[in-house]
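**Q** These protein sequences, in sequence, are chains A and B. In terms of this note's numbering, the first sequence opens at residue 1 and continues consecutively. In terms of this note's numbering, the second sequence opens at residue 1 and continues consecutively.
These are calculated hints, taken from the structure and not from any lab test. C-beta: ideal position from N, C-alpha, C; glycine also. One or more hints might be untrue.
[Claimed, not checked] Facing chain B, according to a computed beta carbon distance under 7 Å, are these residues of chain A, among others: (1) T165; (2) G168; (3) M170; (4) R172; (5) W256; (6) A366; (7) E369.
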Amino acid sequence: MPKLVIDTIELEVPAGTLILEAARSVGIMIPHFCYHPALGNAGACRVCAVKLIDGPVKGIQMSCMTPVQEGMVVSTTDADAVAMRRHVIEWLMINHPHDCPVCDEGGECLLQDYTIAAGHGTRRYQGKKRTHSNQYLGEHVQHEMNRCIQCYRCVRFYQDFAGGTDLGVMGRASTIYYGRFCEGSLESPFSGNLPDLCPTGVYTDKAARFRARYWDYDMAPSLCPHCSLGCATIPAARYRELLKIMARRNDAVNGWFLCDRGRFADHGVNSPERPRTPLLDGRETTWDEALAVLATRIGELFVSHGPGSLAVVGSPRLTLEGNYQAALLAEFLQAGALCYFVERDEAAAASAVVSLLTGDTAVSLAEVEQADCIALVECDLREQGPMLLLAVRQAWRKGAKIFLVGEGSPREQTDSVSLETLRVPTLADIPLADYSTPLVIATPSGSGTADIETAVTAGAKLVFPLSGPNTFAAALLTREHRATSLAEALASGTIKGLLAFEADLPEELLSGISLLAVADRFPSAAMIKSDVFLPTTAWVEMDGTFINHEGRAQRFRKVMNPGLPIKGLDPALHPPRVHRLDAPGGEPRPAWRIIADLAERLGAEQLVEPLSGRWEFLRDLDPEGEGERIL
Amino acid sequence: MIPESLKNELKARVAAALTNREAAVDVMKELQSHCGWLSDEAVVAAAEILGLSTLQVEELATFYELIYRRPVGKRVIHVCDSISCWSCGCDAILAYLRQNLGVEPGGTSADGCFTLVPCACLGNCGEGPTMMIGDTLYGRLTEERVAEILEAERKALASSNSSN
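Just chain A, with the same shape it has in the complex (with noise of 0.2 Å):
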């Protein structure tokens, strides 16, 4: 391994490491624009320049495009180098517009604070600048071209690492731009990162456009709730109010990115429709009141029928903290049924994914990218995963080979991606055994594993995309405290009253039901017909554990405390004239608090840490680390 000396500093490197990123593993951090990690360089900005002062080469050299070797003494802060970086951010200043204190970026702008570290502060370029037309590029992203600093970093992630074609770079010279073709919708379906990725305000996320500076934004590690994949995310939030997702990194899960769906989906957390109080027989009441009228209608429940007509029902949905408190609320009460599933398919379906992974057949997304054959059998990662496709992608870059198995696995979710593919009619036709890593991403089902088992007989790893943000944690519970499907346990005719916690409950499922409680954060038919209704926290109000499809344990912080969004309350009643503590709407609690006081008005013990005896290992789980494999 080359040895060289960076700013007095002496390390050993690997041969291939470029010295911006030498120079970073010993705490220097060099300016650029256009190197990213995950994008690799580009040599397009200038602004990495290094002065080599010994060894093999010297002279200015752009640091991300010089690997190390042996015997360079590198200086970051020679009077050349300093003064190169101070002329090539005055020259990308030439065109940028001076319209930080409008710019959504402002503040979170790489240009600008590297315009600010090299001092540039005065105007000495006469001439004009040059500009653009914008272009409307959907809903979602803002196209501001004049700001444009020709770093590259959106196209070589949009075309090369996520291969879409809709998104370029035209012209040349002083008339470069990034755009589409003619206006419209971007096609990708990781358009979003290209805000998170621009290093200035090309590109800015258009729903949260002129809410908030960064320094204003509640913000906290979290995850992605839209599907199994659970990749990091960074919620910003002001005035109670959820204004966007960035993805944040995690080498073993997304990466740096994100897709779409997590990014920009409806998440329901500012729904004017959600349901913030808790309701008693449809009417707002107070926690109090309907906890105790909960524990009553329990108890009488008990007498008429017995502690076995009860079920408790968990969902994917519901955090590890309340799925497990919901087991032991199923087995303080001797309940009938515990379910954590729905249908009896889903739940099947579900046991044979903890079945069939263990340590040796689970892979993360990064591992995805590794893999030299991949079948998508049977599945539409667009729907079930839309990240796992890029890392797909990634693998085919590599070199992969990628199979379409089966008639439910469309084309069209590669060609997002633009991967070749080869379709074959089962899994069974693919020589997975001549392959050095060989991987198998396929639709759960409960019925019909033999392929798949001889595909890890053939060495094949698997993944599962799963149908919720802890599907996984819910098909473990399952098997640990015997659950069965909420259909199955309904069918036996015995159960007639329901505690379900942030479980979709079907509304034919309810006929025979004579006491409902219902606790969730999204409006539902059930809620409408239960007796007793409690309000929950979205995943950005509280603190909690998701188990991601290759049992992954990953924790997530609160980012923001419910309630109201000041944006759409009525001016005309403003200031509110009622007298309290917690904000308006900031009623929802978290599903494993809601349990555990249920519990104790109950007579169980009061709960204080919601993770215990098996799960009590999560407890101090990092919510910035990689998460913790429990397979």
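Here the structure of chain A is known, so what remains is to put chain B in place on it, guided by the hints.
**A** Showing chain B alone in chain A's frame:
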């Protein structure tokens, strides 16, 4: 309208190329010579022929100086204004062309004969100032020489018109 016969001929060329992108410049130039310039319709046709998106064709089309994405006159005059030609007096040549043709850079003369396009380097630095009309490169230009060349080009255009 781009005839199907031309599209099919170009598709055969693309099929014979190692990669479709390799044939892109060829396809664009053929479509341009058919239409006079690379119209939006021609970009769409090129994308279909090449199996690329319209944006990917546009990226290539707008990179190359000799692909015209706007209507041009019958002859396009590329005048080098890069450093060698500038030091040899290209400004005077450009000024003369503007005055002779009655157009600003980028414009087309009223008779539709000439479009004037300044460009950065024609690879003829030893012979500056220099310009290119069609496939012909002219070096060591003076105002008199430019006048002669324009006269010759006008005559050639007139005779090709009358012969049509």
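**Q** Which of the listed hints are broken here?
**A** 5, 6, 7
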